[in-house]
Amino acid sequence: MRGFLLARARQAALVLVAVVSLTFALAHAAPGDPFWAIEDPQLSTAERDRLRSEWGYDLPVWKQYVTWLGNFATGDFGWSHSRGQPVVAVLRDAVPNTLILMVPAVLIGVLFGVALGTWQAARDGRATARAADAATLTFVSIPDFVVALLALSVFALQWQVAPASGMVDPVFHDSMPALGRVLDVASHLWLPAGTLALLIAAAVSRYQRVAVLGVLHELYIQTARAKGASERITILRHAVPNALGPVIAIGGLLFPTMFAGAVFVEKIFAWPGMGLTIVDAVAGRDYALVQAIVVTGTVLVLVANTAADVIASIVNPRTRLEA
Amino acid sequence: MRSRFVRSAALAAIAALAVLASSCAVDRGRGGTLVISTAGDPDLLFPPMQRQQQAREVTDLLFDKLAEIGSDLNTIGDAGWTPRLARGWEWSLDSMEVTFHLEPRARWHDSVPVRASDVLFAYSVYTDPAIGSSDGALMASMIDSLTVRDSVTFTVWYGQARPERFYSFVYWLVPLPEHLLGSVPRDSLRTSAFTRAPVGNGPFRFVRWEPRQRVEVEAVRDYYLGAARLDRVIWTIVPDGQTAVQRMFAGEADFIGVPLSPAEVAEISNHSQIRSVRLGSTQYTYLQFNMVDGPASRPHPILSNRELRRALTMAVDREAVARNLVDSLARVPLGPLARVQWSADSSLRQLPFDRDEAARILDSLGWVAGRDGMRSRGGQRLRIGVAFPASSSQRQRLATLLQEQWRAVGVNAEIERLEISAMMSRIGTAQFDAVLMTVAPAPSPSGIRQTWSTAAHSMSNGLNLGKYSNPAIDASIDSAVSASSIDAARAHYRAAYQGLLDDAAAIWLLEPIVVGAVNGRVTLPMLRTDAWWTSIPGWRVSGEPPPAVSDTAPRTP
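Going down the list, the sequences are from chains S and X.
My numbering numbers the first residue of the first sequence as 1 and each following residue consecutively.
My numbering numbers the first residue of the second sequence as 1001 and each following residue consecutively.
Honestly, the hints are just simulated from the structure, not real lab data.
There could be a bad hint or two in this list.
With the C-beta cut set under 10 Å, the calculated list includes, among others, these residues of chain X facing chain S [stated by the list, open to error]: (1) Gly1132; (2) Ala1244; (3) Ala1250; (4) Leu1303; (5) Ala1390; (6) Ser1425.
These stretches of chain S come out as covered by chain X in the derived footprint (C-beta under 8 Å, 3 or more residues) [unchecked claim]: (7) 44-50; (8) 139-153; (9) 166-172; (10) 264-270; (11) 302-314.
Source: prediction; values computed, not measured.
The beta carbon of each residue, even a glycine, is placed where N, CA and C say it ideally should be.
I would like the entire structure built from these sequences, with the hints used as guidance.
Listed below in structure tokens is the structure:
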């Protein structure tokens, strides 16, 4: 296992360096810079040039890269031009909000998706399973933002059981006691997180259903049944653990989204997270913010994928041997 | 047994959450708090450097100017201007200097008195090249110097007797607290904490700015001109327009100040507690032709021809385009001006929509239609790139409509949907054929000098992106800008506008009728046509607390 982890760590370090360097090169290769990205024709070329020079964007790219790397190594992530704040402050504001939204949404979505997919597989062919299959297919097919708008319209406007948007009540939040503030955030959270969880669950359940159906015909399942195990025990103890491979892989891919956020949910429900921050940073050629996000995101992807590989190797030791 | 317990607990949790959610969703009465839905964060809360309207909405409540422009938006002389930070001013006999007397009761929000030295300090910030303020450049072009007479009196000395010299100083300059900013190096001002948490002197003080969530200000109870009728104003950031409207319907916001679509306006009429409100705007959209070809400024091979530009203009049914795009929520502009500007003249002669005449002109210029109906001359297709920023869905639809209209006369419009950075870069190097621009000029019509004069080619804040040049129009603009009476100025502006229309320097396409939404609990006074938010101190909401003692003081001196 130690060798396996060391190999993974070496691989991760190489990937990190490659991704960071490539992102830097690509971001700088695209036309423009933070000052060309300001749509204000009154900002003259001379003024844009002056600002570029003031912030060092007129230096050769390799010099900018070395400077950035040096600053980054000392914990200076730079200045975000699109947000008018230090990059660290932008991340400090946005990352916790994203985690509050994404962690419950992803966890509930994956768990519910696994449960639903397993239930569908166990009842394969019956009307209820077919109806659930149609429902999940519908949610997977409809564009994300349409589902979000629908949820907003029904729950916030028609039934009025959720606030329409935002993370807190802008008027009363600060006058609430600590528990009240927590409940305030929870009341604003459940609709966007629920919408996201629903969409994740719909996708995960389809993978899980197919995976469980795939193992239900295996010999060890027949053996369990032959030994008199109930259908519930057979599925939960024997089929599900062996069908978790695809879901674990999806989980590894979903993990970084906990950091990256979901643009459509943030936009529709006005949730102040990382998704729109990333979009704005790229559109605004906010190099420092883009780099910081990429580095953090890459580290998370690498950690998550390594964790997924480790979990997969524990669940199925053959994968470790193959690796 | 255990599963029954788990099920009961889950049901109880769901019920509790539903009760909690519904209790949070109902309107509990916000008292004197006004909640405004806005599309995005301000860029900075620092008047000399901010660029966005969202920032102005906040800082215009935090900072007082010396005087406010009148409802007629007069920019010549000082007629109609209302004293604010300056309780009065007097002109010298030759009108080349004006002495302002500051209101001695005015205080910064940290209780330090506002002094004449703050005005001088602000002027030095605005005009510092390190700040790069285009407003400062305008001031510096008119003002010779400023001198302090005593702590509340200062004099502005003008270098030129321009009719808009009062406007160019008072409309743009926002006094800044020298005691807080004097020690900050100018090149560090942009990144200073003040730009995100300013200390002002206006009717509201800054409370908080949580990025992507809200900006909050609260009324200053001992404000020297009398406290505002509201307790607080909160701008909540809602990036999606549809969600912003839903928030209004759900009673979570009181006001939307961004333009609503026709469908949204129609939907509002179904909700008794919401009403639409017409907001003034100086905004208009036009297709600017490029007269030069690249940075070397050679004449553009196609668009430098006046007759061809006229044909292109006559081929566009602008009424139909506006109707198609936003139904009745826009009009065809009168020209390079907004109807709320005092120089607006509805008698300007427009080029008519006449496809036959457009086709005849193109034929006479040698652009002959081929088998596919598209025109070419000497093997060169009549192709015109129409650039616009990818972020603007309205301009994308506008470009598509233009493409259709031009196709009918055999002109091929190539849609160039560009990322902002790429578009600004191409504009900066004159590498475009035509670009769809949306501008919201200041109240002064003299901005036309920046947009259409030959002098603008070399202005640091010039907007003559297509390098248009016409000596006759330059002369009209110069005469208009230096005319001492409003009637004389109006006549010269008319000549300049007419010249630009006849020359087809651009196709002026769309002047939006901006409609926002307001909750029935809010009572609005008359809104200023260029900046609705400036009247917020006079807005009322039902359920507000009784007026404070200082509220009985006159609202304006």
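Against the structure, test the hints numbered earlier, and report the numbers of the ones violated in rising order.
4 and 11
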